[in-house]
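Protein chains in written order, with our numbering: chain B, 394 to 698; chain F, 84 to 322; chain L, 37 to 447.
Keep in mind the hints are simulated off the structure, nothing from the lab. Where hints are given, some of them may not hold.
Claimed, not checked - In silico SDA-like pairs for lysine to any residue, Cα to Cα no more than 20 Å straight-line:
| id | chain 1 | residue 1 | chain 2 | residue 2 |
| --- | --- | --- | --- | --- |
| 1 | B | K488 | L | S48 |
| 2 | B | K488 | L | F52 |
| 3 | F | K105 | F | E296 |
| 4 | B | K488 | L | L54 |
| 5 | B | K522 | L | G68 |
| 6 | F | K317 | F | R266 |
| 7 | F | K192 | B | R590 |
| 8 | L | K288 | L | R363 |
| 9 | F | K192 | B | V567 |
| 10 | F | K241 | F | L155 |
| 11 | F | K299 | F | Q280 |
| 12 | B | K669 | L | R363 |
| 13 | F | K192 | B | K522 |
| 14 | B | K488 | L | K288 |
| 15 | F | K192 | F | G224 |
Said to hold, decoys possible - Footprint (simulated), chain L over chain B, 3 or more residues, beta carbon under 8 Å:
| id | region |
| --- | --- |
| 16 | 411-418 |
| 17 | 421-430 |
| 18 | 449-457 |
| 19 | 470-478 |
| 20 | 484-490 |
| 21 | 552-559 |
| 22 | 564-575 |
To be verified - Residues of chain B clear of chain L, computed beta-carbon distances all greater than 10 Å:
| id | residue |
| --- | --- |
| 23 | F397 |
| 24 | L546 |
| 25 | P685 |
The beta-carbon is built from N, C-alpha and C at its ideal position, and this holds for glycine as well.
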Amino acid sequence: MEIFLQQCINGLTLGGLYALIALGYTMVYGIIQLINFAHGEFFAAGGYVGVILLAWMAAQGMTQSHPWLCMGLALLLTMIYCAMLAMAVERVAYKPLRHSSRLSVLLSALGMSIFLQNGLMLTQGVYDKAYPTEMVSGLVTFGGLQISIMQILILSTTAVLLVGLNALVFRTNVGKAMRATAQDKVMSALVGINSGRIIALTFAIGAGLAAAAGIMVGFNYGSVRYDMGFVPGIKAFAAAVLGGIGNITGAMVGGLIIGMVEVMAAAYIQGGTEYKDVFAFIILIAVLYFMPTGIMGENVDDTRV
Amino acid sequence: MSGPILELVNVTAHYGRIQALKGISLRAMPGEIVTIIGANGAGKSSTLMTICNVLRASSGDVRFEGRSVLPLSPDRLPPMGLCQVPEGRRIFPRLTVSENLDMGAFFRKDHEAIRRDKDMVYDLFPVLKERRRQPGGTLSGGEQQMLAIGRALMSRPKALLLDEPSLGLAPLIVKQIFAIIKRINEENRTTILLVEQNANLALQLATRGYVLETGKVVLEDDARALLGNPEIRKAYLGE
Amino acid sequence: MTPVSRTDSARSWLMFGLGLCWLFVLLWPLLGIGADGVLSFAETFAVWGRIAAAALVCMVVWRLRRSGSLGFLDAPAGSLRDGMARVAAGVPRPVWLIALAALALSFPLYTERYAQDVAVLVLVYVCLGLGLNVVVGLCGLLDLGYIAFYGVGAYTYALLSIHYDLSFWLSLPIAACLAAVAGCIIGYPTLRMRGDYLAIVTLGFGEIVRILLNNWMSLTNGPNGLLGIKSPGIYLPSLADGFSFEHLYMRKLEYLYYVILVLAVFTVIAVRRLNFSRIGRAWEAIREDETAAEVMGVNTFLLKLLAYASGAAFGGLAGVFFAARMRFVSPESFSFMESVMVLAMVVLGGMGSIPGIILGALALIALPEAFRGFELYRMLAFGGAMTVMMLIRPAGLIPAKRMGKRGEEAE
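One chain only, chain B, in its complex shape:
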């Protein structure tokens, strides 16, 4: 039982991270119907920039005196960095193609993904880069359960980001404008919404969330790699599809499900560890085949972007 609960928490952690990445896919897809292949790379870039910033802070001796402040600052700066990166990619590779065929944009996105991934490799090397996980150590015993403080930190940060995004999208005027642009670009222009700016903002927000996920994955697994964006990227996309693409709440739920399934499968199915990457794909394919609108596609319509 304790092992099961432990696995639940692991699944929740992983699922939360997938949810953060999935949101970027779902928001971008909702607004311009593009699978942003480069999104996984924003996540990877976030992982790298986070560790770079932490290294610099460590060199200044800041991490010893103010570990929490450093982590918060690194998280914030990394999110800003990736938001800027995403806006640059959008401006260069997607915006000029707004009226081209979908295949062209998709290929352009794929090109950007490869470009960014190899750019990361060239600047940061092919080997894993270690995260200063020792910054936060310690365990909390909770009933019979042992949870690391790091895991609590990741879970709570994820929760805060998810709630914050929900508030942004559903409560603020900018969020309403994002949803309006997703629903009808011509009409949103006719009421005075600059759709280009809203689209850039959507990319920025999605990439910011992915960057946060990148840092947290670094802390969770202890290292980052230049190609780490690929597989989690597809899994997060699977999560977005599972929740009904374009649906923000759906992406969150989908991410949690995919994370749970992966952890449980690895723990309880014979040979599950080797094939753990396959489960997300199988879920993706099954969902697309049996319910293409996703689990939250039709009923909970008002949470669509």
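Position chains F and L against the provided structure of chain B, taking the given hints into account.
Structure of chains F and L alone, referenced to chain B:
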């Protein structure tokens, strides 16, 4: 006497290779209700879309308050006071009624005034107030039309372009909506450019009218005169 | 040439400057902070400076062209191109074909091992590119897991050769059939989806195949791969003692070159025949407007499945050759990046255009070989080239003649 608030000079526009507008010239004076009537495909909606720069004009000029608006992107026009209620209403279906109205005032920052304008819209269309938490897509056709007009009013337009507000609505609702259009015009001195297939109603409401045929203005006259014109009566009023 | 206003020019220079500043901000954290947390600016400035200089040149040329100042260069260049096109068109087609065939056939006679190696690789990718072209170029379905069929072909021959000692030539049709079956299995659940879902699902399937190859130890020997695959064999008439046939394994590279040349020519002819058949026209109809095609009585599902299966079959053929050539297969050769390479060829060369794809394969395989020193930058350049190509020439280097214009005019 000031100049026209909205003026089109010899505007042409294309969809791909097909020419939709073949040189449209028209003008609307401040506080006027001008109607454009014509058959399906005559270019009425294209004219409105060209004014708002959604459809780019190939030549000619569109001036709003004496200034050419052609170089501007569509989203720059509502802040200037030029607003369109497009054909088919185009409510944001998954935004609530209240959120739809908020979008009409998206570019405005004066929150107090926005709240007052919203109350004004709710006064004008009490049914919207009842349904303010409902997604726009769940409203009936008439309610959607009211919402679309209300949303446009939220931007405090100087000129309002209305595209087929009667489309697909029951006669009673149409009457109601036309009465409100008249009220908007009278109370705020909002210039109204009304595109309609229901020529009879439109000409009764308007001060002047233009008749469009295959992308060209074929007739321009006082609304009353057009109503009395036997050819118009035969072609557009079903006699 | 339209007159360019001053504000337009000023605006584009402003955007240019802003973009460069932006780029610097993006570059610096990755280049300027060392692993030990030491800040430096030298490397960032060096990289950024080079990019900025190159961008400046592009920008100046672009502005000059916009303002018409380069008219004196454009006009002769245009007429030169027209003139060359006219000369090329003047020579009859058969002459071209014979010249090309002669060149291809005599290639091993005057080249060394290294060049032949590259040529073999190019031809393998020509086969793959043409196969993928059936799916992407003709039918308009984006397939990101195409390399899986290559893998199916390669492993089929590897297993047949090791366990049953089956010959290369017999394995070819078997592998093609198996790959086609795999194509149907993958295609059946996915083809009802919209285009961009298809891309991600095929990507997922491609990964599943690779993970299976990696983990199914008893069959595939996992990441260690399979050794001991036989080369293609051939029976040569021998007059040594009476008339008999002598069985010979073609280990030499020249022989292998001819084998893949035959395969490539076969693929070219087959794809060309398909393209101009009833089926090919139906595929193009699906690509241009699926709904219209369906309304006109095209069985879109069946035809898409067929496109998938035939594309897969070509991939399977190429896979058999690959296994025979390397005499070793491992899952590493069938990664997502390989799919991307093949796709990049099709896109760069021109979707739906056979000469375009041959040129694309040549460009993507042979050029990097020529610039060996820049090996590291290869994939970076691929990615960049793919995006740039979509921005400036979405139809590819040699656009297909029958490509519709719809794509560009959509929406």
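Which numbered hints does this structure break?
Result: hints 6, 12, 13, 14, 15, 16, 21, 22, 25 break, sorted rising.
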